[in-house]
Amino acid sequence: MAELTGKERVMKMFKKEPLDRMPCFSGQGSVTVQAIEKMETQFAKIHNDAQLMAGAALTSARMWGLDGLVIPYDMATVAEAMGRGISLYDSAEGIIYPTVPNKWKDLDEIDIPDNYMSQGRMGVVDKAFEILKNDAPDLAVGAWVLGPFTLAGQIMELDILLKGLKKKKDQIEIFLGQVTQVTIDLCKHYESLGVDFISVREMGSGTDLLSPRMWKTLIQPNLTKVFDAISIPSVNHICGSTDMIIEMMHECGADAISVDQKNDVAETRKKLGNDILIFGNFDPYGTLTTLEDTSAVADVIKKCIDDGVDSVWPGCDIWPDVKKENMETYVQTVKEYGVKPSPAVKRI
Amino acid sequence: MATKEEILEELKEAVIEYEEEDCQKAAQKVLDNPDLMTPMDGVLDGLAAGMEKVGVLFDTHEYFVPEVLMCADALYAGLDILRPHIAQDDKGPQASVVLGSVQGDVHDIGKNLVKMMFDIAGWNVYDLGRDVPLEDFVEKQLDTNSDVLAMSAMMTTTMLGMKKVIAMVKEKNPDCLIMLGGAPLTRDVANLFGADGYAESAGNAVSEGIKMISSLRKYQKGEIPA
Chain A
0 MAELTGKERV MKMFKKEPLD RMPCFSGQGS VTVQAIEKME TQFAKIHNDA
50 QLMAGAALTS ARMWGLDGLV IPYDMATVAE AMGRGISLYD SAEGIIYPTV
100 PNKWKDLDEI DIPDNYMSQG RMGVVDKAFE ILKNDAPDLA VGAWVLGPFT
150 LAGQIMELDI LLKGLKKKKD QIEIFLGQVT QVTIDLCKHY ESLGVDFISV
200 REMGSGTDLL SPRMWKTLIQ PNLTKVFDAI SIPSVNHICG STDMIIEMMH
250 ECGADAISVD QKNDVAETRK KLGNDILIFG NFDPYGTLTT LEDTSAVADV
300 IKKCIDDGVD SVWPGCDIWP DVKKENMETY VQTVKEYGVK PSPAVKRI
Chain B
0 MATKEEILEE LKEAVIEYEE EDCQKAAQKV LDNPDLMTPM DGVLDGLAAG
50 MEKVGVLFDT HEYFVPEVLM CADALYAGLD ILRPHIAQDD KGPQASVVLG
100 SVQGDVHDIG KNLVKMMFDI AGWNVYDLGR DVPLEDFVEK QLDTNSDVLA
150 MSAMMTTTML GMKKVIAMVK EKNPDCLIML GGAPLTRDVA NLFGADGYAE
200 SAGNAVSEGI KMISSLRKYQ KGEIPA
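These protein sequence lines are chains A and B, in that order. Once you know that position 340 of the first sequence is 339 in numbering that gives the first Met the number 0, the rest is easy, because the numbers rise by one and skip nothing. Once you know that position 131 of the second sequence is 130 in numbering that gives the first Met the number 0, the rest is easy, because the numbers rise by one and skip nothing.
Just so you know, the hints here were simulated from the structure itself, not pulled from any lab data. Backbone N, C-alpha and C define an ideal beta-carbon position, used for all residues, glycine too. Please note: incorrect hints may appear among the correct ones.
Now the in silico label distances, taken between C-beta atoms and shown as ranges [as the list claims (entries may be wrong)]: (1) V55/B to G93/A: 50 to 58 Å; (2) E250/A to P173/B: 26 to 34 Å; (3) A295/A to K24/B: 56 to 64 Å; (4) D227/A to T2/B: 55 to 63 Å; (5) E129/A to D58/B: 49 to 57 Å; (6) E16/B to L106/A: 40 to 48 Å; (7) Q93/B to S90/A: 34 to 42 Å; (8) T143/B to K215/A: 52 to 60 Å; (9) D169/A to D135/B: 19 to 27 Å; (10) T216/A to E16/B: 20 to 28 Å; (11) D135/B to K166/A: 16 to 24 Å; (12) E16/B to Q41/A: 49 to 57 Å.
Chain B residues, not near chain A, derived (Cβ > 10 Å throughout) [what the hints assert, rightly or not]: (13) E12; (14) K52; (15) F63; (16) V105; (17) N123; (18) N144.
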């Protein structure tokens with residue numbers, strides 16, 4: 000039997016069909032400096048050029064032997080398209096991700112333009128997907144979008160948003176409803192471009208910031224609407240503290256949930272059972288960039304698998320400046336140690 | 000007429016219940032009753048004591064960051080009234096801090112909570128804001144010769160900038176204490192960078208900052224030695 004392609008492996012996993020091994024991919028950015036150097040470009044340049052954006056993802060995936068890839072690399076594309084500006088830091092030294100300099104400062108200022116889908120770098124991302132679908136038919140091509148609450152925090156000041164949750168609840172609910180529609184429209188748009196899976200990253204909503212009660216009333220209903228609208232494989236990713244909201248995350252209806260290193264995955268698996276796909280949950284910076292010993296890297300990855308994930312995902316974007324041998328160990332360990340079945344996915 | 004205890008209780012409750020107007024009114028009562036207490040009493044035994052209780056509520060998951068932010072607003076509403084009237088003798092040891100979020104980070108919740116702690120303590124605070132270029136931290140620290148340099152990065156992707164700043168400041172001013180804060184940092188990373196202090200997240204900044212407020216209150220009252 001011919002070996003599965005990366006795309007086949009990922010798509011079968013989402014259907015919970017038996018696999019040869021655990022797929023190695025992520026819904027978080029996985030571009031590394033080694034790929035960027037090979038392309039003879041700079042990190043600051045891969046965010047606003049479709050060829051470079053697609054090329055960095057594809058070169059990284061090929062270099063490390065990943066089963067899939069994901070773009071874009073920053074969370075500012077939509078806010079920028081809504082007129083909030085963009086800081087690309089193209090003259091700064093080192094790796095700095097783009098940020099939004101001019102967030103709305105008051106709920107009354109917010110005016111989401113109708114044409115945001117065609118503004119800023121939105122077209123660059125679309126073109127990069129087109130390139131990847133053409134150049135990487137063997138890999139799972141993923142899109143990621145911000146969840147409604149996190150997107151709201153990208154287009155307006157986060158402290159105003161957080162205080163508004165208590166002080167101006169009705170107004171915030173209306174605003175979050177508008178932003179939920181933006182997230183849905185983006186997901187449907189990326190679906191129409193032929194992406195294979197979508198990861199919705201509601202990264203600012205963990206219980207480091209919000210109470211479980213607030214999560215239930217303001218986050219869960221909107222995320223549920225988003226996942227109801229997505230008709231391709233979907234992932235509900237939240238970083239930070241998620242143990243107290245994990246059942247509610249599951250109820251949102253995504254095909255898989257993804258958590259970071261703060262989650263007790265073994266306990267999560269007990270709570271949710273073996274039928275749900277769980278991805279996670281290693282600390283990308285602490286593992287791939289700082290560890291000095293590859294056997295320690297292997298131990299981190301093995302623990303994720305032993306705790307019960309169906310795919311080993313980093314808890315956040317892989318910090319591009321990884322150690323080569325650590326990245327190799329991560330991928331190799333997933334492929335070798337992930338030969339055994341995971342809780343939700345059997346093996347061929 | 001209200002007693003000292005009643006006025007202090009009003010200040011505490013206003014902070015805990017995040018009632019800015021009530022806090023302003025209670026702060027004014029402190030100024031209107033100089034025979035009962037000093038403005039510094041109002042800051043330490045009213046506002047800061049209220050924030051200590053907020054810390055307990057946060058640690059026990061009754062309050063989360065939105066509530067704490069509103070409590071901080073209430074605290075500042077009172078502090079803005081009391082601070083101009085604090086006598087020089089009452090201010091305690093004069094110290095200064097330069098703080099900000101590093102370039103690439105537009106989040107400043109954790110930074111602002113730490114700033115609150117220094118404001119209560121009566122330090123001279125040089126707040127550089129957020130998305131601050133690395134060289135600006137170095138320049139300001141050297142200009143002011145501040146006792147502390149506090150930097151925050153909420154994103155993993157921005158925290159590496161801190162390492163460069165620490166190296167530059169320590170080279171020129173080895174006595175400056177350096178505090179790091181931010182969600183992605185671990186104590187190991189802070190140690191690796193050569194920092195002197197560390198707070199894990201906005202949440203930890205709340206807990207740690209409030210514990211420091213508590214220590215400050217005891218120090219000001221002479222309960223612990225300098």
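Hints, one by one, checked against the model:
1. With their beta carbons about 40 Å apart, V55/B and G93/A fall outside the hinted range of 50 to 58 Å.
2. For E250/A and P173/B, the Cβ-Cβ distance of about 54 Å falls outside the hinted range of 26 to 34 Å, so the restraint is violated.
3. A295/A and K24/B have their C-beta atoms about 58 Å apart, which keeps the hinted 56 to 64 Å range intact.
4. For the pair D227/A and T2/B, the beta carbons lie near 59 Å from each other, so the given range of 55 to 63 Å is met.
5. At about 50 Å, the CB distance of E129/A to D58/B agrees with the hint of 49 to 57 Å.
6. E16/B and L106/A have their C-beta atoms about 23 Å apart, which leaves the hinted 40 to 48 Å range violated.
7. The hinted window of 34 to 42 Å between Q93/B and S90/A holds, with their beta carbons roughly 38 Å apart.
8. The hinted range of 52 to 60 Å is not satisfied by T143/B and K215/A, whose Cβ atoms lie roughly 46 Å apart.
9. Between D169/A and D135/B the Cβ separation comes to about 40 Å, which falls outside the hinted range of 19 to 27 Å.
10. Separated by about 21 Å at the C-beta atoms, T216/A and E16/B satisfy the suggested range of 20 to 28 Å.
11. In this structure the supplied range 16 to 24 Å is violated for D135/B paired with K166/A, their Cβ-Cβ distance being about 33 Å.
12. A hinted range of 49 to 57 Å holds for the C-beta pair E16/B and Q41/A, which are about 51 Å apart.
13. Non-interface status of E12/B relative to chain A is upheld: no Cβ of that chain comes within 10 Å, the nearest being about 17 Å off.
14. For K52/B, the requirement that its beta carbon stay farther than 10 Å from each beta carbon of chain A is met, with the minimum near 18 Å.
15. Listed as outside the interface, F63/B is inconsistent with that label: its C-beta sits roughly 4 Å from the nearest C-beta of chain A, within the 10 Å cut-off.
16. A beta-carbon of chain A comes within 10 Å of the beta-carbon of V105/B; the shortest separation is about 5 Å.
17. With a least beta-carbon separation of about 24 Å from chain A, N123/B lies farther than 10 Å from that chain, consistent with its non-interface assignment.
18. Every C-beta of chain A lies more than 10 Å from that of N144/B, the closest at about 26 Å, which supports listing it as non-interface.
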